[in-house]
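These two chains come separately, so use the hints to put the complex back together.
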Amino acid sequence: MSDSPEGSLQPESTTATARQEQALLQALEALEQATAFAKAKYQPEVVRRATDLFETDEGLQLVRKQAHRFDSAGVFHAGPWEHPDRLLPALVGGGLRAEGQYSSLEMLSELRVLAIAAGDSAHPKFSAEEALTFLREVMGLNLDLLYGSETEESRLRPKVYARARRILAMIEQEVSSEGLLEQVLDDIDARVAQRPIDVSLTLKMIEQAKNIQGGPDPKLAARLDRYLKATGPPTPLAKKADSPTNYRNLLANASPHEIENEAKVVGKLLTLTGLSSEYHVAFLQHVLKNDETEILAIALDLTEVGQAHMEQYRDKVLELMRLTIHPATSWIIYGFQQMLERMLLARPEVADGLTKLLNLDLCPTAQQVTKKHLPRGSGISANAAIVGGAIAMLGQPLGVGQGNNPTCQGARALSLWSLHDPGYLLQLLTSAARDDTVEFLFEGSPILSGDIGGGVADGKFDLKLDPVSRILVPHLDRIYDEKMKRAALRGEDPHKWVNPALYGRWVATSLASITMINQTVSGYEDFLRLFYATHHPLYDGGHDLVYPNPVGLLITNVHGVFLGYHAVSIQRVAEDEEKNIRVYFFNPNNEGRQNWGRGVEPTVVGHWEIPGESSLPFEHFAAHIYAFHYNQMEVGDVKAVPAEILAEVTTHAKEGWGKAFTWL
Amino acid sequence: MEKKTPVVKKARVGKKAPVALLGYSLETMEAAKEHHIPFVAVVPEGFDIALKEDGVDVVTWDFYVHNQNSDRLYEKLVERGVSHAVPLYEETVEWAGSLNTRLLKDPRAFQRALLFRDKAMMKRNAQMNGIRVGVFEEIRSRDEALAFFDDINEARLRLQEEAPEPVHLKPLSAAGSVGHVFVRSRQDITSLPDDAFPCLAESHLAGQEFSVEAFIHKGKIEFMNITEYVHLGYSQIVPETPKLSKQRPKIRKAIEKLMKAFGIVNGMIHPEYFLDHEGELHFGEVAARVPGGHIFELIQRAHGFNPYAALLLCSDPNTSKTVLDRFFPKEKDHKVFAANLMVYPRKASVHQLQFPKELEAHPYMDRHTMFEPVTAKVAERVGFGNHYGTVFLAGEDPETLRELVQRYEEYDFYE
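Chains as they are written, first to last, in the numbering used here: chain A, 1 to 664; chain B, 665 to 1079.
Calculated from the structure, these hints are not laboratory results.
Subject to a maximum C-alpha distance of 25 Å in a straight line, what follows is the list of computed DSS-like cross-link-like pairs (lysine-lysine):
#1 B/K716 to A/K125
#2 B/K994 to B/K924
#3 A/K289 to A/K239
#4 A/K41 to B/K697
#5 B/K884 to B/K994
#6 B/K1011 to A/K159
#7 A/K268 to A/K240
#8 B/K884 to B/K924
#9 A/K41 to B/K716
#10 B/K996 to B/K907
#11 B/K1021 to A/K159
#12 A/K659 to B/K716
#13 B/K679 to B/K769
#14 A/K204 to A/K239
#15 A/K316 to A/K264
Sample of chain A residues facing chain B (criterion: CB under 7 Å; computed from the structure):
#16 A38
#17 Q101
#18 L156
Just so you know, even glycine gets a beta-carbon here, dropped at the ideal spot from N, CA and C.
Just chain B, same shape as in the assembly (with noise of 0.2 Å):
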């Protein structure tokens, strides 16, 4: 095939510092390419060629390796004269925070990006700011771990024959669920393997639990989405429903307190929360990257914007308000909800895809990502990361779309 005329360079030619996209992701580097917003790709080696071979200005990077070389992407970075870096993935938010202490001389961003990859930091510092948060605990063993189970069952009052209060146990460093155990006995504990310790461990909350993904700027929230989950790791759907969305001063209150507890000024924040029985906000976690679980691509077909876009005019402190006011619809003038349901195998082998006929006829249906499997054999879960495809869904009735999602979650797409 020809190839196209390099894009970028030409993109560059208002003089606009570029951006640094920590990260492989296409969805940014395509949003950036469309609002003009020149930008260099910071990519492990191998994703590289491609993109050179297509235009793009790529510097290669190990983000894993952590040593005294580490400045040399800084310098990389400035010899393209970056005015700011943007993280894309859960790994690369520490890179974000310590290239950005340099390049927009914030002494501490660094340390701000070390609360979203701790999370034993990030409850702690919460919990200081008086957000409501679950116990919890950092744990180094396995003693450790089956100490805390037994005080908070303690703490509960359960008694011998009541099913024991259940606990959570995360690696202190990953994205999302990855690696989330959820402990139901004690047993649970002990056939853990010893590469899970460390670990937080902290208490079980019940109730609705939601994502938020606030794009901020100078401080202020452009944009609020609220994406309820129908069943954690299975299933959303954006915006919240009627119920939830009652909330939304309250939710947005939280924001902002968070926003403050965590010092932050411009970008996006996703962070997870429960709302309890009594209507009481209790705050998971939060993350400062592109969410999983497709929810920016729910935010799209909901909202009608491109929120890779978003992330990137908000994540540029220079960003005029004309700009913003420009770009963001109205968080009530959503058209459509809507949602997704992440399909895994439910057996333990499988051979062929079976896709519901009623449902590819369906109104509501958008579109799946579901070929034939992979492997016969399937894989246990990580994280909910390594799902087999997604269904995507929209329509005008949220409860239609919840009892869609909530169907086909027991339906088997594989024989």
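The following block holds chain A by itself, in its conformation from the complex (with noise of 0.2 Å):
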């Protein structure tokens, strides 16, 4: 057949086009009829005959055309996405993408927001404004169907990609893109204050960032200027090079002043983004090559301390980096720096541990997990890519998480090793690596975590995780789970045993939780008194805090609806930068910005967080907490808890997540 003119083609289409934005119109006059508990009997036809129109440009803008009638017709009636007002963007990515009809009624969702923003409907609980402020949001957390490129998945199922990346464009065109960079440029900002050892969602995001068009506000383009820096060529030199390798090249031949003012460029880019790139890696391959201790404190920008430790350590130091840094692994550059200082390399057993572990004989599932990640044909052993992981979580604790696993309680457990005993993480991951099991304790009794079944993931894991998470968590999960079992059925929460032998002697031993059976809270006074009395430095008498303390949250959603539990642990309580008093705690989701809604909004950044810290005020953490370890030898004046401060903790308990409990 030959190429047919487009002219031929055009009428043929247009009709289609034509009969099925009728059939649309029809489908939804149906439903618009339809008494409201019959609905849901005409809402898959409206769904189906708009998603035909998905398929082209003129098609969606037909469908848009509608919108406005959505929400009063019916077409999300009592479904999940019937409140506009309860829509999070954070899903909107995952909805494009989702099977059956599930992304049409996604599309479907934003044509409706779409035209709540522009006016053409109303809704009592979702202004215009609110409107275009979640559209924003959902451009910013889909910068890759808006600017990206085809994936692997994309390319399997072209018509659902063509049909999100159509309405991002809709939505991009009708919204404008102003003001996304910055919104962007502030995601990205907060992602990078917590500093996380995963830093691959930033790096795409910072990608992508580069498409966003948009007037060219200079205080917009240096920021992002400097995270291009970061993670691309950092300096004039390394742009007129254009690779990493002939950066390199570039260098041999470099005065040592350039040299000097290369490393500090660098230097000060991994300190003030905890991002890194190849070119770092080059830079850093160069001076390693002559030994230069001196460049390399500068390149990576460490302290005194720092600078000390490396001179004392200087043999190991370099063999370390010769052997883990490396162009596959870039982004463990920072881990190094913060390694050294913690002048960690002056604990033996940390020094050892490492060592041993670059010697290690792999068991083939730590080789697989780990080579699985790496790019083929880089270069690098699966024993330097696991010590290069070994060694970010050591000079990151607080950059552990849990990925897309229900498993923060491996999580909380290796951040707090790395804290308070690194070589015990080391042999523990030693044991992992080479012999495909750890061993546990539990009341006397050992657990081996290669002999058992379970586990809260029951053995799925998503490996988007750091290389040392990707090889421990698996074995973690386990061990927890079984432990849990053994301590079932005690009439306690069974985390009074299991916490301590899971994370160990510096988890003390009484817990105190919130009386929760049958869904029914009683003595909630009594455990607010204790939680103020063992952790408010006004009351504790003293006793403050020194271990993180692994404890539980009830979590709610913004709305403040009761949503479920989850774990945390309290790194330190402290006074902020207003005086008033903080629980800084470490949340393993890898996600510290939270909105639990009724104004509780943990922060990671801006009231004195370390990096990787979320922190609430003490009030408002007290009143989502329902578990907590103490220490019953440590515990101040119970009695001197104001009662107004206790009432009002209540109140807002009660209010939150006490909604779906009685209270008595």
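Encoded structure:
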């Protein structure tokens, strides 16, 4: 068949679109007329007909024209998309990629929000302004659909992706990407401030932020530029080189003065962002060739302490750097710097532990999960990659995250050990990487992770994790689950025994938890009093927290509705910049920025948080806690806690998660 | 969205006693509302919340639990002044029977319901009433199934080298074709899971298969639809095409015989028959609930009345003759033939939907219900229930329809 001229195709496709639009209008009318309980019978046809139209830009426009009718007609009646004020921007990306009718429903929902934003329709609980904010956030979170290139997944499901890109393009057109860059940069700032070990998402966002068109606001351009320099060519020389390999060649001919300048730039960028690039690797490799530790110290922006530590353990540092700093693992540079600042190589168990790992015979599982996440032919050994991962974890104890796994327990444990017993962490890692098993004692009897199944994640892990978590978390998850089974049916929260047995001697052996038998809360005031008397500096009798305390929180959504239980660790309780007492805690879900509704919004920056910490005013934290450990010998004055404070916290709790419970 | 005022309570002003609708069926509830028939929806837990919010009177019930508390459903319905119960799904048929035994003071209603639920009992009853059925046996074990297979083949005088005469195995009480196994060899029986037994085994009936949807009131057939199966479980045409239509008088007689045999006075039955090459009718099985395979939608499209409403009107002994006469059109008066094609992916893994443009543009094309596949891996078929979607067609010429469904049965809607 010869190429048919566009003219001959046009009428046919136009009539097809007209027919599809007619069908949509009919379906919408039938839905409008349906009685409330029967809406569900007519919804699928509307969704189906809209799906046909989603296949072209013109069709999408036609559906958009009807979007003001969706809410009143009942397109979302009695379904998860019913209330626009409860929509979460973070779920849109997943929704658009969903299967069956859900991706179409998600698109219809965005069109409805567009209609509200444009003033085509109004919603009593969702203003045009809120609609705009929502759409901007959706754009910020879906830059890949706006500007990204094809992926393996999108090639497999071209129609779904074409549709998703189409709706985002429409949002961009209607809402304009003005302000988008700023919003994305704010988001990157907040991610960077938390200094996670796994920075893959941040890197992706920076890469896509380049594509955002917008007014050339010099301030924003400078903010973006810093990130682009941290993750790409950092200096004019590097830019000129155009590739890390060329950069290294140029460095070979550079003057000592030039080298020092380059070192200053990469070092500063590292401290400012926690991010690094293959150019940074190239620079360090160049310097390592001549063992120039002074330049190294500048290129890592070490403090005097860090520099002294490096000089003292010079041979070890150089050896570890040569082995682990590699283009494929450029992200570990920040962890390396932080490990030096923590002076961890002064501890023989750490130095020896790392050496042992370098020469370890890896079990096939550890080999496999490690290699799988390294670029093919990258030339770095699995051992070196694991040691690099261990260094990152030792440098960034609060950068550990659970990823997409229900394993907050494992992440908390790794963080705690990295902080307080790095030797033990390396020992466990060695055992898991070599023997494919780790051994724990529970009340005197040993548990070998290799011998048991189970686990909260039931053996299914999303391995988008740091190299150490990838190897250790599956073991820890099974151990935790097994201990929970053994401690079950004792009439008390099993964590009382399991937490000290899992995390170690840092966890106090007494556990206070809210009595919540049969969804009924009792003795809440006593519980709160004890929390204040063990954790609040004014009432704890001077027994301030030393080690992280694994605690349980009741989590609510943006609307203050009870969602479920979550595990975090209290890192410290201290005054913030306004002399308010705050709880600083580690949230293993790797995203400390949360909104639990009714003014409770954990922050990650701005209240003197250490990178990786989240924080809340003490009373907000108190209103969400349901279990914590304490030392019976270190309880302050329980009676000193003012009744008004307790009443306030109790009211807050009752009106939030407490609504899901009966109160006695 | 703003909630409308509760609609059902308004409709109850006429003081008519409500009917209990057993099972979650929006279509039936909607039909009830349209015909001002007050109702109580009896649905499994989880289906109640949205209905309640929309002002529907709801009772939640677990139809799978039978114990000494089963009486509670009757009590709940009596509290609401319910007149009678209408079953909408296979699993609710005996519940309706047991409720109607007391609500309608019909002592045999429950046992009759069991006739519909136990396929062996059903066939035995049909046979005793002189209705032609295949050879059947209740089978308790794999060995008995093998023996049945051998006996049938022996009786058919099959030689070793010939392909064996097939038989069917089906669960004693399941909707339509759920759990149905078509056995072509001894090997098919030995590879069955242990939980396939006990079951019902029956000989194979060849010929044109069709179903009848008979709406019956006071022992009289008010309307008889015939659904012609183009390919069992894949495609069907409503009403029957001219060749089968010639058999209408014979089929009507067979239905009357069936009604007598099963004591059906009010409601709807959905029996399946085979018409063999000699023009003889063989009875397959009969259900007393809304048929599967979207047959009601086809009836509505072809005949222009709402079969859900018809079911409700016929189930109520007090519906007047005038109402029924006004409601039902003449059987011969249909303007179009309606057909559907149930689509099952033809590959082991599918990525996306590819609906043929030429079918979409065909004047007989009504609509389809397919979306992007939910999982890439295609599920195995259970009964004829889990198809991925349905294509609905309608037009004046039944042969064009038949040709269309047959052609697209071979088509890969998913790539």
